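Work out the full structure: start from the sequences and follow the hints.
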Amino acid sequence: MARLFGTDGVRGIANEELTPLLAMQLGQAGAYVLTKEKKHKPTIMVGCDTRISGDMLSNALMAGACSVGANCIYVGVLPTPAVAYLTQKYKVDAGVVISASHNPVEFNGIKFFDGNGYKLPDALEDEIEAVIRDGMRGIEFPIGPGVGKIKYRTDAREEYINHAVQSVNVNLEGMKIVVDCAEGASFYTSVEALKELGGDVVPIHNSPDGTNINANCGSTHMEELQARVVFEKAAVGLAFDGDADRLLAVDENGKVVDGDQIMAIVGNYMKSQGKLKKDTIVATVMSNLGFFLMGERCGLNMEQTKVGDRYVLERMKEIGASLGGEQSGHIIFLDENTTGDGLLSALHLLQVMVETGKSLSELAGIMEVLPQALVNARVANHKKDKYMEYPVIAKAIEEIEKKFEGQGRVLIRPSGTEPLVRVMIEGKDLQVIQAEAEKLANLIQDVMF
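Whatever position you read off the sequence shown (first residue = 1), add 1371 for the numbering used here.
Just so you know, the hints here were simulated from the structure itself, not pulled from any lab data.
You may find that some hints are simply not true.
[Said to hold, decoys possible] Label pairs and their in silico Cβ distance ranges: (1) I1690 to S1730: 31 to 39 Å; (2) L1495 to K1677: 16 to 24 Å; (3) N1533 to A1806: 49 to 57 Å; (4) L1495 to G1645: 34 to 42 Å; (5) P1492 to E1770: 35 to 43 Å; (6) D1505 to K1729: 34 to 42 Å; (7) I1690 to E1567: 32 to 40 Å.
[Claimed, not checked] No more than 20 Å apart at the CA atoms, straight line, and that leaves these computed lysine to any residue pairs for SDA-like: (8) K1810 to E1776; (9) K1604 to G1728; (10) K1677 to S1786; (11) K1688 to T1378; (12) K1604 to D1571; (13) K1642 to Q1675; (14) K1677 to V1541; (15) K1460 to V1536; (16) K1677 to I1690; (17) K1522 to I1444; (18) K1642 to V1541; (19) K1757 to P1790.
A quick note: this is a predicted structure, and the numbers were derived from the prediction, not measured.
All C-beta atoms, glycine included, are put in the ideal place defined by N, C-alpha and C.
The following block contains the structure:
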């Protein structure tokens, strides 16, 4: 049976794969595993993004937690990094976010944080999963006053905004900023934070209705933001995803600035200020080769992990780094929060623009983005980890690796959150690598369909 947890919690189509029953069981097992060593009545903080299934799943999960004696604090619609921050601030025992991040509205997910605001290691997730698969044996279900209760809070978003603007207190007066909120969890927090700092904010896609999250907007669909920045003659565009734990940007000319470039810009600025711990940035194997070449040129220590911001975080904690992230825009400022934080990433980027007086296009020139083709092969979710078991696919991968050896890079990996096998090729000629990536992805899709 496939593992329940992926790289970012439990994901699936809401009410089909991720059912209210499963949400309740995750509430029960999660509350039990994360709080079983506590001598007091445990408390779990719960938040969600704007998708319509959030109410259904969050209430089911909280019912499960209450049934094993845990209290819940429901903070409603909040970015994932806000729940992580508030979990540690209020010293509750655990935090939960109901979100499927950048995925379409029919998907949803459940991810846990421990009492310090960190995503759970594999071992703890496996323990939660084992409790569910074992039919909840060994869990006590209290009665009477032992049952948990739910407290509802509506002020939590203001506390997160205050934390962000105090962490990066930059003066944005006179700066025009277009903000794409992806009809998601940042629809209020990002706009209000930027206004509070004096920015001339032009918000788009900030009217969520439960069904429009990530729909042709946000960090996965940048075209409208690119055009709007140029039309508004804005200094910068900011694009969040549905749960606002990632950020991509657009320069004044309408060109996308990705997570690698943002880390390069901010990392070098932090280094110049003596604020980049160990002069180190932690990235993943998916980061552009140009990013690592920039690091060598600028005297940065560049660490690599496998794909997933949780693995970036684990490495950051191991070596004591303060900055790390992914090309996709998950960027972690570990001195200020315990997870990828789109708002903090935006404020740090804007701070560099303000304090250097340079445009974003000029700053982005610190690294050359080498051509990179990324093509997804759609396969059955339960098969995506087994692509190398097909001889014809294994042979094709071997041949393409030989072709680009010494001239580029080939990376094939299953998605941690979607039913996809991702084919990424880097090289000098975009047309060549795009054709090869599409050819290989089509083969994987045809053979594994």
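Verification of the hints:
no. : hint                       : result
1   : I1690 to S1730: 31 to 39 Å : holds, 33 Å
2   : L1495 to K1677: 16 to 24 Å : holds, 19 Å
3   : N1533 to A1806: 49 to 57 Å : holds, 50 Å
4   : L1495 to G1645: 34 to 42 Å : holds, 36 Å
5   : P1492 to E1770: 35 to 43 Å : holds, 37 Å
6   : D1505 to K1729: 34 to 42 Å : violated, 57 Å
7   : I1690 to E1567: 32 to 40 Å : holds, 34 Å
8   : K1810 to E1776             : holds, 18 Å
9   : K1604 to G1728             : holds, 17 Å
10  : K1677 to S1786             : holds, 12 Å
11  : K1688 to T1378             : holds, 18 Å
12  : K1604 to D1571             : holds, 12 Å
13  : K1642 to Q1675             : holds, 19 Å
14  : K1677 to V1541             : violated, 33 Å
15  : K1460 to V1536             : holds, 16 Å
16  : K1677 to I1690             : holds, 16 Å
17  : K1522 to I1444             : holds, 5 Å
18  : K1642 to V1541             : holds, 18 Å
19  : K1757 to P1790             : holds, 12 Å
Of the numbered hints listed earlier, those contradicted by the structure are 6, 14.
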